[in-house]
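Colleague: Starting from two chains that each stand alone, build the complex the way the hints lay out.
Read top to bottom, the protein sequences are chains A and B. Residue numbers for the first sequence follow the working numbering, beginning at 3 and rising by one. Residue numbers for the second sequence follow the working numbering, beginning at 2 and rising by one.
It is possible that some hints are incorrect.
[Unchecked claim] For each label pair, taking beta carbons as the anchor points, the in silico distance ranges come out as:
hint : chain 1 : residue 1 : chain 2 : residue 2 : range
1    : A       : Glu-43    : B       : Pro-55    : 36 to 42 Å
2    : A       : Gly-17    : B       : Thr-21    : 43 to 49 Å
3    : A       : Phe-31    : B       : Asp-64    : 16 to 22 Å
4    : A       : Asn-32    : B       : Lys-79    : 29 to 35 Å
5    : A       : Lys-70    : B       : Met-40    : 25 to 31 Å
6    : A       : Ile-19    : B       : Gln-18    : 30 to 36 Å
To be clear, the hints were calculated from the coordinates, so they are not data collected in a lab. Nothing here was measured: the structure is a model prediction, and the numbers come from that model. Positions of the beta carbon are idealized from the N, C-alpha and C atoms, including for glycine.
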Amino acid sequence: GQNIDQPTEMTATEGAIVQINCTYQTSGFNGLFWYQQHAGEAPTFLSYNVLDGLEEKGRFSSFLSRSKGYSYLLLKELQMKDSASYLCAVTRTYKYIFGTGTRLKVLA
Amino acid sequence: DAGVIQSPRHEVTEMGQEVTLRCKPISGHNSLFWYRQTMMRGLELLIYFNNNVPIDDSGMPEDRFSAKMPNASFSTLKIQPSEPRDSAVYFCASSLALGQGAYNEQFFGPGTRLTVL
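Excised from the complex, chain B in its bound form (with noise of 0.2 Å):
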């Protein structure tokens, strides 16, 4: 089974050019998340879409960025103006919906690691 798919898998860009992060999750899988993680904070959560549609995006910094989830098999995260201070490693995950599974653990794709010079 392919997991959680991701690309690119790194991405260098200038200050104030806009970044297109893409996922994959896990086929059958309805819950799916962004993160981001810096050595400083952590992994944080950015947005949780629950059958495509956005539940949660406290975590989301501001309005630079945004994330959609056109369908059931593909999600995208994009920073616009990408500045030098979102340079982190970004981790989608996808999961069962609650309750359908033992322990509705997440499984993370291999991330996408941004420098934004």
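Chain A on its own, in the form it takes in the complex (with noise of 0.2 Å):
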């Protein structure tokens, strides 16, 4: 079957740093993508991880173990406007299987 976790919500300050985790467990993996909603708008690309390892981009950063079927993002110096949902999708191929999302909400 398909299962893959994200805590519900999360709230953080500005200036902060913030985990978002990820567990999964799927049949077949090819990567693993981090996407940001917007209340009200469409998902948006962050990352994509294919190898075990963190990848770097700016103040976000994503970390994958296909080992342990585990992800996280990683958000630094928190702004406000990075208020969203943020969404871990698993790939097959083609097929992306999405988390239910996590909502997090960035305080002043």
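Modeller: Structure follows, in structure tokens:
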């Protein structure tokens, strides 16, 4: 079966660091995406991991451990505009299997 | 560059009516996806087209749902008859074919918020 777990909600303070975890159990794995979705808008691409390790992109980093079925998204120097949902998606060829997302609230 | 275009952005209809959602993918993308998003179930893949051909429609809920892609620049998702439980946001996404892009990330349209009364 397919199972992707993320925390439902998280709250953090502006300027802080937050880590959003994603665990998965899927039959087949090609890679793992993180998408950001602001309320009422479309998901937009943040990062992609296919090999184990850390991928860094500015304030955002994503980590993958395939043996543990685990990923996290790390957001540094949080800004108010980072308040959004963050979706983890496991891919098998063309197919994305999305988690239900983590709603992040950034407080002033 | 225009992104994925969807219309309408909002649709309110009554139970039993036919609903047609439209999508124009990014030019040059030959993979197209229709998703449904609800609070309870998140984003669910409904159907996937490659080069205008339906490859995987295993996510289409039932016979009331149908999708077409008559050419590379247009796709429709139709619900007939619509029911209140179909209320959701429907997203269309497009991507390059596997192996053509660095990540093959999917680019999402703005979505159609459907409310069936």
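Colleague: Run every hint past the structure and note whether it holds.
Modeller: Hints, verified against the model:
1. A:Glu-43 to B:Pro-55: 36 to 42 Å: Between A:Glu-43 and B:Pro-55, where Cβ atoms are some 27 Å apart, the hint is violated.
2. A:Gly-17 to B:Thr-21: 43 to 49 Å: holds (47 Å)
3. A:Phe-31 to B:Asp-64: 16 to 22 Å: violated (32 Å)
4. A:Asn-32 to B:Lys-79: 29 to 35 Å: At 31 Å between Cβs, range holds.
5. A:Lys-70 to B:Met-40: 25 to 31 Å: holds (29 Å)
6. A:Ile-19 to B:Gln-18: 30 to 36 Å: Roughly 49 Å apart at Cβ, these two residues miss the hinted range, so it is violated.
In this structure, the hints that do not hold are numbers 1, 3, 6, in rising order.
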